[in-house]
Structures are given as structure tokens and as C-alpha cells.
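Undergrad: Residue numbers (this note's numbering), protein chains in the order written: chain R, 1 to 156; chain F, 1 to 156; chain U, 1 to 156; chain E, 1 to 156.
Hints may contain errors.
Same chains, same label: a pair holds when it works inside one copy or across any pair of copies.
[As the list claims (entries may be wrong)] Simulated crosslink set (DSS-like; lysine-lysine; CA at most 27 Å straight-line): (1) K25 x K96; (2) K25 x K56; (3) K70 x K131; (4) K55 x K144; (5) K25 x K55; (6) K56 x K144; (7) K2 x K96; (8) K2 x K131; (9) K70 x K25; (10) K145 x K131; (11) K131 x K25; (12) K144 x K2; (13) K70 x K56; (14) K2 x K70; (15) K135 x K2; (16) K135 x K25.
Hints listed in this document are in silico derivations from the structure and should not be mistaken for laboratory results.
There are 4 protein chains.
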Amino acid sequence: MKSISYIDRFDESYRNSFSFSHRIKIRFSETDMFGHMNNTAPFTYFEDGRIEFFKKIGIMQAWMSSNGEKIPVVADIQCDFIQQGFFDEEITLCVKINRIGTSSVDLHYLGINQNRESLFVGRGTVVQISKHSGKSVPWSEEEKKRMLQLEEPENL
Amino acid sequence: MKSISYIDRFDESYRNSFSFSHRIKIRFSETDMFGHMNNTAPFTYFEDGRIEFFKKIGIMQAWMSSNGEKIPVVADIQCDFIQQGFFDEEITLCVKINRIGTSSVDLHYLGINQNRESLFVGRGTVVQISKHSGKSVPWSEEEKKRMLQLEEPENL
Amino acid sequence: MKSISYIDRFDESYRNSFSFSHRIKIRFSETDMFGHMNNTAPFTYFEDGRIEFFKKIGIMQAWMSSNGEKIPVVADIQCDFIQQGFFDEEITLCVKINRIGTSSVDLHYLGINQNRESLFVGRGTVVQISKHSGKSVPWSEEEKKRMLQLEEPENL
Amino acid sequence: MKSISYIDRFDESYRNSFSFSHRIKIRFSETDMFGHMNNTAPFTYFEDGRIEFFKKIGIMQAWMSSNGEKIPVVADIQCDFIQQGFFDEEITLCVKINRIGTSSVDLHYLGINQNRESLFVGRGTVVQISKHSGKSVPWSEEEKKRMLQLEEPENL
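Isolated chain R, as found in the complex:
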């Protein structure tokens, strides 16, 4: 199995460590002339999955309110490609929290196709900042609690 710097062991137990997932289909417009999913597509999937994850745990709503002063920004993001993705494949995009910082959260991502093959994995840090000052804003106790309140891993 491929060695990935931010994963201790990329095996079945790693795959089972995710308790949240979101379904996505590889769009025709996300393929390129080499006949496969273009390498930029997973970053859109990560964003979609991350937002659904934040909605589920209940911290997205405040960010989206019109008088919201706090917004989440991506500090860094990366993707490792395990095997090529193709048009019309149904991707189960798994998201989990790896580590919670003062005003940031490190997320892991995993994309699995309908044959239960891993297509890609990824990780990245999201930081909560003030929209106006651009400075980081520490998580409230309530937000931390919500992030820690994760369900038991479901069978993906």
C-alpha cells in the first residue's frame, strides 16, 4: 500500500476510522483530455464534504449568517492520488477531524468509489478568522464541544 506522510498506516482500519461521509459523482466537466478525473476535482469534493461535515456538527450556520464576522479559510490542503477516477463514478467522500487547534482544525479526507476502492486521500487545515481583521479567532467552548461530539464510526 502507498505510504502517505500524514497517515500512520493506510489500511482498512484507517478507512474505518471515518464516521462521516458525503456522496459525490465525478462530473463529465471534471474529466480532462487524458480521459480521467482532472487532478483539481478532489479539492472541490473536499470543500463540499467539509461543508456538509461542518453543517452536521453544527458550526457552519454561524459562518453563513449575513452578519457573520467569522469565516473559515483553508490554510493548507493536499491530495494523494491512489488510483485514477473516471466519469460517472460515485464517490463516498469521507471526512474526519484529525486534530483540533486553538483556532484551527486539521481534517482528513478519503474518496472511495462504488467498488470500495480508495481513489484519493487528503488532509488540510481550516482556520477560523475574522472577516474584517483577517486574524485568527479561537474556537468557543461550544464549538470545540461540537467538534468532539463525533458519532461512532459507521460502516462506510
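Given chain R's structure and the hints, the job is docking chains F, U and E onto it.
TA: Chains F, U and E in isolation, oriented as in the chain R frame:
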């Protein structure tokens, strides 16, 4: 020659009726698995060309100012494909005003490749609206004047 | 109600004339700095809906086979925006055949949000061509039959 | 200065270590409702810059030939965001080789705006594979020579 509903005669004189153009390259990520430019790409090119056009005539700046209350929105837009576009082709994206309305402007678009072949044409209406009320805002005399101050058609 | 050139009367009966629909969500990455869905997004939705429609009636499969010599290409496409779309809105993207030509088909599109408001409508012609010659390939009797075998309009 | 795992010291001397760059403008459609460049955009810029780089050193041409059996694929790619990017900023996208493997190459990327501020950095591995078998194909001596034939760093 292809008949296009919004063009009287799609010939060399139509091509020469444009006095503004913007250079664009077909990106790898804008191709699809059929090996050519995906049909969604020209709409991004139209937006790029339209913005450069509005900047040139001097009406874009007010829309982009942070306290700007007025924004331009696309009311309708369309594209007719003349021949397939391919990766790395250099497109001369031509833009011109077809008609100025009370608070709208009808623009024509033309994409020509490096061999001077027409790849696609298009048109669409942009309306100036109030960001808060969502209602249309008539052009000022100054804005109309700027839109009418077009240079002589350059040799594209 | 807005007057749209390719629709006789854009009313409830027009909305009920669609018998196929596909669900789509407006992605965060499909919004722009004006806070709404960017005008290029519906063209991706049209492509997604069109492909699901062609899969349902059973003519997509041949186009996707690796030894497929025939592919569908967009000859023209257009969109009329009725009201602004926003992040996270669930769009019911309706697709129907308006007219079948010798080697082409004219499709109509309609995007409705979760409040049953029409956000945008569109139309466009898809032509079946030979991948190698680039020339149009007439529909077979089987393909025409499949396109005519439409179900009764469902309540959208 | 931000600490980035794959850069020894992210300082002026790092910035001056690039000898190739490509100009890109942040498109309106690449912004999102938070008012800045969406986090997925740099991956498209990396692809554009990488392709221009491969064209310059002369190894892109073989990959694009119609009877080409070898294609480059992205094995992994990542981006670290230094400061927010905004609509219409002109980005100087720098690309350089960090390490050449048997059939892969590790590239570094750097995006600088018109005020010479670093907006983002990145890195990623591209592997040359056989289009049909999907297996990696070692670089030829000629290809390696071309990759090593880098000019002196120019003043970016």
C-alpha cells in the same frame, strides 16, 4: 456559413465589427474526456472578456468598489459552437456592445483561434442592479457616454 | 412573468411539461464575490442533467463505450436567469426534449429551488457526430424510439 | 514567516531560486462568496504553470502527440496559503524542479502578486505513466537532460 439567430450575416464583416479583444488560452482542465474544450468553458471566457471590456471603457471600477451598491448581473447568455476548441489553443476573445438599454447592455462575443478560425460566438444581456434591493438601476449619462465612446474597429 | 424567446408561455403548465429531473446542490466554489451562484454554473448543471437524461432513456451508454465512434457535442446552449441562486440551494434540474432532428436533439432545461421558485431556464442543441470525421451522424430508428418513449409528466 | 514542511527556509533566497514563471490573473469565477480567491483555484494555476514549464524544457510535446503512449499524472499535490488572493490580481506563478526520480519529478510552485507578496506556495509529484497499462515509465536520458538544463534564476 452557420446561421445564428442574433447575427445578421456571420461573415468577415461581422468579425471586423469588433474593436475590443482579450487573449485567453484553453486550459488543460477545461478539456474533457472527449478530447476537446468542454462546452462550459466559453462562458468563463465571456466573463473574462466582458470584465476586461468594462474595465477598458471605465465602468467596472464603480462595481468593484467595496462600498459599491450597484453590481452587474447576467440576465441571459448563450453560445453557438462553430468548431471544436482544443487544449492550448490561443483564443482572441472579441467583445462588443450590440445594444444599450435603460439599465442593461446586450453584448456580442466571438472567439477566434490562432489560425483566424471562428470557434464560437455568443451574446448575452448584462443588467445593472442594486445589490440590496435586487432591482435594476438605470445607467447614468456618464456610463452611457462611456459605452458609446468606442474606438474604431481594429484589425483583429 | 419574464418573456423567453424559446418558450411559448413560461407558466405553471410549462413547468409541468417536464417529466425528468435531477437533483443538484449549488456548491460553495460555484458562488462568486457578489455572493451568489456564478453565471457559469448552470451550464455544468445542464450537462449533468442532460447526461442523466440520456442515461435514463438509454442512449448514453453507446457514447461512453471505449470503442465508441459516435459522441454527442453541444452545438449551442443558452441560459435565462430568472432569479439569483445562492450557496447550498437544492436545485431540481428538469430536462425535456423539445424537438428531434435528423442527427440532433433540442433540449429544454429548468432549474427550480426548494421553494419551487424558478431560478433559471435554458435550451440547447446536441448533435451526434463521428469522433473521427467530426461529421454529424443521423439517429438510428432505435435511438429515435427511445427519445420518443417519454413517460407522463411527473409532479415536480 | 510561515513554516512550510517542504521548504527549508521560506525567505527571499527561496523566492529567488525559481528560474521559470508564468503569468495568470485571478478570474472573477474563481472567487467565492467570501470575496476572495477560492482555495481550489491555485491547483488550476499549478497545472497551467507546470504545462508551460514542461513545454519550455521540451518534454510536453511527446505527451500531447496523438499516438502518445506516455502521459504525466499527478501523484500528489498540495498548497499552503500565505495570504488571501483577490479578483483581478496578477499572479506570477513560479515553477521549479525540486527532485528528479526514476519516472517522477517533484515540482515546487510559488504564487506572487503584483506587489511582490507571496500568496501561496505548493509542491507535488508528477509521474510519467503508460496510458494503457497505467504503470510508471522511467525517464529517458534525453528527458532527464532536458530537466537538468535549467537556466540561471532570473530576477522574478
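Undergrad: Evaluate each hint against the coordinates.
TA: Results for each hint:
Proximity of K25 and K96 under a CA criterion of 27 Å is satisfied in both settings, with 20 Å inside one chain copy and 22 Å between copies. In this assembly of identical chains, K25 and K56 lie within 27 Å of each other by CA distance both inside one copy and across copies; the values are 20 Å within and 16 Å between. Taking the shortest Cα distances, K70 and K131 sit within 27 Å of each other both inside one copy (6 Å) and across copies (22 Å). Taking the shortest Cα distances, K55 and K144 sit within 27 Å of each other inside one copy (14 Å), while across copies they are farther apart (45 Å).
For a Cα distance limit of 27 Å, the shortest separation of K25 from K55 qualifies both inside one copy, at 20 Å, and across copies, at 14 Å. In this assembly of identical chains, the alpha carbons of K56 and K144 lie at most 27 Å apart only when taken from the same copy (14 Å versus 45 Å across copies). In this assembly of identical chains, K2 and K96 lie within 27 Å of each other by CA distance both inside one copy and across copies; the values are 20 Å within and 25 Å between. Proximity of K2 and K131 under a CA criterion of 27 Å is satisfied inter-copy only: 20 Å between copies versus 39 Å inside one chain copy.
For the identical chains of this complex, K70 and K25 are inter-copy neighbours only, at 24 Å across copies versus 31 Å inside a copy, given an alpha-carbon limit of 27 Å. Taking identical chains as interchangeable, the C-alpha atoms of K145 and K131 lie at most 27 Å apart only when both belong to the same chain, with a minimum of 23 Å there against 37 Å between chains. In this assembly of identical chains, the alpha carbons of K131 and K25 lie at most 27 Å apart only when taken from different copies (23 Å versus 32 Å within one copy). Taking CA atoms no more than 27 Å apart as the test, K144 paired with K2 passes between copies only; the shortest distance there is 25 Å, against 33 Å inside one copy.
In this assembly of identical chains, K70 and K56 lie within 27 Å of each other by CA distance solely inside one copy; the values are 18 Å within and 36 Å between copies. For a Cα distance limit of 27 Å, the shortest separation of K2 from K70 across copies, 22 Å, qualifies, whereas the shortest one inside one copy, 38 Å, does not. Taking identical chains as interchangeable, the C-alpha atoms of K135 and K2 lie at most 27 Å apart only when they sit on different chains, with a minimum of 14 Å there against 37 Å within one chain. Taking the closest pair of Cα atoms, K135 and K25 come within 27 Å of each other only across two copies (26 Å); inside a single copy the shortest separation is 36 Å, beyond that limit.
The structure shown violates none of the earlier numbered hints.
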